[in-house]
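Work out the full structure: start from the sequences and follow the hints.
Number of protein chains: 2
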Amino acid sequence: MPRRYLDLTPLPEALAVMQEAFIPQNHVETVPLTLAVGRVTAEPVYAVHSVPRTDIAKFDGYAVKSRETLGAKDQQPLPLGACARINTGELLPPSFDAVVMIEDTWDDGGRPWIRKSAAPGQHIRHAGEDIQAGELVLPKGHRVRPFDIGALATYGITRLAVRSVRVGIVPTGSDLVPLGVAPGPGQTIETNTLMAEAYLTGMGATCRRYPIVPDDPDRIREAVRTAVAENDLVILSAGSSAGTRDFSRDVVGTLGEIVFHGIAVRPGKPVLLAKIDGRPVLGMPGYPVAAQTILREVAGSLLSWWGLSASPDEELDVRLSRRLASDLGFDEFIPVSIGRVSGTCWATPHPRGGGIQMAVVRANGYLHIPAEREGIEAGEDVRVRLTVPPATIARTLICVGQRDPALGELGNCLSDAGYLLHCCNASTIGAVLALRANTCHAATVALPETRSAWNDQVLKLLPGVDLLRVQVARTELGIASTGHLDLDNPGSLRFVNRPKGTPARALFDEWLDGLGVDAGGITGYNHEIRAHGAVVAAVSSGNADAGVCTAHMAREAGLRFTPLGYESYDLVIRKELAADKGVAALIRAARSSELRAFLNAAGRAPADGASGEALPA
Amino acid sequence: MPRRYLDLTPLPEALAVMQEAFIPQNHVETVPLTLAVGRVTAEPVYAVHSVPRTDIAKFDGYAVKSRETLGAKDQQPLPLGACARINTGELLPPSFDAVVMIEDTWDDGGRPWIRKSAAPGQHIRHAGEDIQAGELVLPKGHRVRPFDIGALATYGITRLAVRSVRVGIVPTGSDLVPLGVAPGPGQTIETNTLMAEAYLTGMGATCRRYPIVPDDPDRIREAVRTAVAENDLVILSAGSSAGTRDFSRDVVGTLGEIVFHGIAVRPGKPVLLAKIDGRPVLGMPGYPVAAQTILREVAGSLLSWWGLSASPDEELDVRLSRRLASDLGFDEFIPVSIGRVSGTCWATPHPRGGGIQMAVVRANGYLHIPAEREGIEAGEDVRVRLTVPPATIARTLICVGQRDPALGELGNCLSDAGYLLHCCNASTIGAVLALRANTCHAATVALPETRSAWNDQVLKLLPGVDLLRVQVARTELGIASTGHLDLDNPGSLRFVNRPKGTPARALFDEWLDGLGVDAGGITGYNHEIRAHGAVVAAVSSGNADAGVCTAHMAREAGLRFTPLGYESYDLVIRKELAADKGVAALIRAARSSELRAFLNAAGRAPADGASGEALPA
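Sequence order for the protein chains is A and B.
Count along the first sequence from 1, then add 274; that gives the number in this note's numbering.
Count along the second sequence from 1, then add 274; that gives the number in this note's numbering.
Among the clues, some could well be false.
Since the list gives no way to pick out one identical chain from another, each pair is judged satisfied if it fits inside one copy or across any two copies.
[As the list claims (entries may be wrong)] Under the rule of at most 27 Å between Cα atoms (straight-line distance), these lysine-lysine pairs were calculated in the DSSO-like manner:
1) Lys414 x Lys855
2) Lys855 x Lys347
3) Lys549 x Lys774
4) Lys774 x Lys339
5) Lys549 x Lys339
6) Lys339 x Lys414
7) Lys339 x Lys390
8) Lys734 x Lys849
9) Lys774 x Lys347
10) Lys774 x Lys734
11) Lys390 x Lys414
12) Lys347 x Lys390
13) Lys549 x Lys849
The hints are simulated quantities; they were obtained by calculation from the structure and are not laboratory data.
The structure presented is a predicted model; accordingly, all values stated were derived computationally and were not measured.
Here it is in structure tokens:
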């Protein structure tokens with residue numbers, strides 16, 4: 275039986291043990307100035323020469339002898355005596371001690387005239403005015419900015435000593451294929467090392483990705499040996515868990531010493547840290563979001579400890595929009611979307627789970643729940659870390675509710691107006707409650723067009739709230755079938771249905787009810803299929819005789835279609851927010867011809883006239 | 275006579291005219307995923323396939339038939355019946371419908387046992403759980419983050435269409451040499467295009483730097499023609515002013531149409547924008563800080579308008595620590611250092627001027643004074659833009675006063691403790707007033723060790739304030755001479771002196787006073803030299819017979835030395851701030867052996883025992 279790794283180290287303890295085991299290495303690399311942006315200086319940088327090197331003209335004009343200009347005034351202009359035309363930055367000729375700007379002269383009879391005397395030293399830049407030779411330009415530990423480059427070059431610096439950490443990244447897994455190769459059945463594209471390289475390079479590390487190593491202890495051992503010899507830190511991707519093919523622990527155990535295996539963090543638990551030839555080897559979990567957590571919290575901490583990056587994620591104090599449970603004893607990291615609604619910044623969580631990469635893509639930050647907390651209540655003040663520039667939060671619109679392809683397209687339309695649309699998944703009731711608590715800019719609801727749905731599912735829960743209802747899409751739903759629907763004999767049909775709570779299911783139930791047919795007698799009534807497309811596929815392939823789906827899909831597949839009614843996909847907005855510029859842009863985007871073209875292609879455009887109107891609900 | 279360009283366009287008008295003249299180009303470039311970090315998506319990105327593609331195991335363990343596990347409980351463990359060992363991510367074999375985690379089993383007699391039944395679908399990741407084929411991954415206009423790369427690769431995306439602007443950067447100037455070539459007399463290293471490339475590349479532009487073009491209208495014309503043909507935007511560095519060698523306006527005037535020449539901005543006034551073959555050609559001023567302003571405010575605005583960067587400088591609301599005057603009608607940009615003192619963020623300005631690049635290197639932000647303001651008062655609330663990550667402000671220590679090499683070294687020592695030391699230049703009185711207003715963490719003062727200096731220059735201005743005085747350096751000063759100092763006959767000596775207000779000058783005056791010598795009788799008493807080193811050079815070379823400088827320098831140069839006394843270079847700190855972690859680190863750094871080693875090498879270490887002690891003043 276494989277080993278259990280449940281002897282979990284708490285995260286803070288794991289980081290402390292790591293820092294003790296791997297003291298800063300002070301590796302230095304010298305790079306040409308043009309490649310130094312974003313790198314961190316390893317040593318203080320001093321000016322090679324003074325700037326300016328000598329006294330020079332500050333402006334275009336004339337070098338003059340100041341005593342010869344005495345007496346010039348508005349009422350008594352004077353021609354310049356001895357003078358020399360001089361351009362900005364040029365050396366003053368000997369015996370001249372001031373500059374008159376070209377703008378302060380005019381030509382009369384081939385000679386320049388002035389109406390103001392020049393003070394000694396006027397418009398001269400003195401040697402060393404900007405910097406003296408040997409003066410400090412940058413301290414050590416400074417992250418080089420683009421404009422620093424110009425100054426360094428001006429001061430005679432052409433190469434910079436910067437902190438350097440060589441990171442070797444070794445992907446393992448017999449089922450992996452590299453990016454660009456189409457995966458066969460049971461194969462997966464190897465993506466975690468791409469992400470690790472992008473992230474750690476951004477921190478200023480020098481990364482090297484090695485070829486994929488199959489699940490073979492001997493080959494893994496060889497790859498680890500090579501990587502340890504060639505790098506300051508080695509990251510072994512996947513294989514650190516407890517599966518039958520997880521050889522990382524055994525391999526690194528024979529080559530060196532295990533520092534820890536398994537930390538109390540979610541996601542990211544099955545992480546492994548070992549010391550081989552004095553160097554750290556980090557076994558990174560295979561789930562992508564777990565891998566991200568370990569890259570950020572463990573590898574990132576080590577590189578910071580080694581002095582690499584001076585640019586941590588920005589923090590923001592916000593309020594949590596809904597309750598989050600968390601297990602005592604685990605440090606948990608949860609992707610959130612943050613937006614400012616009526617002056618308050620709210621963070622709304624996305625689904626957790628090491629495999630849900632889209633949650634991180636959709637999020638603009640994450641929340642850390644420390645091990646000693648069992649959860650965080652709705653409305654509680656929390657500090658989040660951002661994965662976007664803080665300035666973008668003011669342009670972020672939070673939409674809570676049903677996700678729909680139309681919403682993605684709305685986001686595209688909005689990006690032209692400079693706004694970012696963030697969609698946090700929730701049931702209809704979850705969306706309506708978010709609207710009630712005023713934690714989102716808009717709720718999205720998908721409702722059947724029945725007499726009571728809007729009232730029962732939305733209005734009843736929002737007494738006294740003035741609402742706008744903006745129809746985004748309208749979809750005809752019905753039954754796709756290969757032959758005639760014999761509902762006098764429903765047991766003869768093999769059905770596939772849509773999940774409980776969907777508008778399609780509600781319309782189907784209402785229809786059956788109207789016909790007086792007992793749902794219990796329909797074979798497959800409880801066979802729930804999550805996507806309209808999969809319903810059509812089941813009917814087309816003959817696995818089912820009939821199923822509930824959209825009219826557009828049924829017709830495209832050439833199936834017979836029995837209409838049941840319409841689903842309305844709506845934005846619901848508090849009326850008081852309609853004046854908000856971002857919300858106004860959202861409503862405009864819902865009305866745009868760009869969105870309508872997208873919906874037309876899917877047969878889902880709202881009826882003419884009703885299209886995207888913001889109607890008081 | 276050269277043309278005057280004083281027909282200045284206000285900045286907001288210039289930007290509006292520019293946007294009207296050059297509508298977004300929507301240039302697109304397709305790059306491999308691994309090069310896409312930091313680029314902005316040109317089109318929405320959709321998933322190529324669903325993830326997971328099929329139902330797979332969520333954990334390492336056993337695939338089971340859930341109905342066969344019914345009845346297992348703590349009091350009644352069961353052996354697993356039909357089961358298959360399965361690893362995370364593997365396909366479920368047909369007929370199995372749940373996964374039991376390896377941690378929830380144990381081995382007994384070669385069979386795995388369980389003490390809990392498995393629910394149907396347990397620990398299975400369903401097809402499309404992360405994303406469905408065709409679902410939106412990223413909207414257009416999204417700046418790609420490192421972790422986005424992993425998700426995109428997972429979803430089958432290998433190349434990305436990103437926004438692209440090709441920028442051609444053409445340096446002009448007969449006096450320029452490229453970086454790496456040692457400049458001869460009157461020559462300058464060409465640095466502005468390096469800086470432009472670094473800055474615009476950071477915004478996501480694709481930059482190309484052309485070779486230096488001498489000040490020859492025909493050659494400039496040829497270079498501009500080539501660059502316009504090969505790029506979307508051309509930046510012509512220098513030559514847009516009104517000097518005799520400024521040909522930019524004439525050249526671009528013959529090739530196309532001038533959009534504006536000269537805008538009411540400081541620094542950055544002599545900027546030129548033209549339209550040639552429909553493309554923008556920007557004449558960037560030669561002063562580096564002016565060039566930076568134009569890159570940021572004009573070129574940067576154009577690229578943002580064209581959709582390039584979604585990452586503007588971060589803003590912060592702070593208070594201005596001292597009055598800033600500004601000319602009505604000019605938009606002015608002033609480098610500032612921002613730090614948080616006793617809970618309030620203060621911005622302290624650095625010197626202005628297009629040539630003072632160090633001001634920008636030393637600053638962590640800048641302040642925009644709009645054209646309609648004549649200045650900003652001390653204590654006024656202002657919004658600044660940051661040139662560093664906002665999180666670093668909390669780790670920034672502001673020091674106001676005399677600059678000194680020892681302070682730079684202090685900054686180096688502090689960087690190991692994670693703090694950034696910012697030094698804003700001020701006279702002793704300016705420093706003391708900043709301390710009084712509590713706008714800095716420490717003042718730095720250089721005082722002669724006389725009976726009255728500390729009292730007169732510091733204490734008198736800070737009645738009732740509890741202070742700490744931390745001596746950083748102690749420097750012996752005196753008179754360096756080639757021969758005997760015959761002060762009975764002072765007229766026979768040619769002197770060089772240090773500027774008024776310096777401790778050396780004060781000690782010299784006190785010494786003369788004590789001897790009863792009349793300063794007026796000393797030749798060269800009023801010949802002020804700004805650097806100690808230059809005094810030594812003047813005496814060594816025989817240009818002067820004697821001069822006031824440091825003991826260390828005089829002795830190193832082998833000159834005779836007559837001691838006058840000591841200068842003390844001190845940090846002055848409000849006692850109430852000493853508990854602040856950063857200030858405590860500053861005091862520790864002043865006591866560190868690292869700093870003492872640096873000071874010893876310059877003969878400036880404080881006396882033993884007194885070294886860096888924080889003494890109540």
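Hints not upheld, ascending by number: When the structure is compared with the hints, numbers 2, 3, 5, 6, 9, 11, 13 turn out to be violated.
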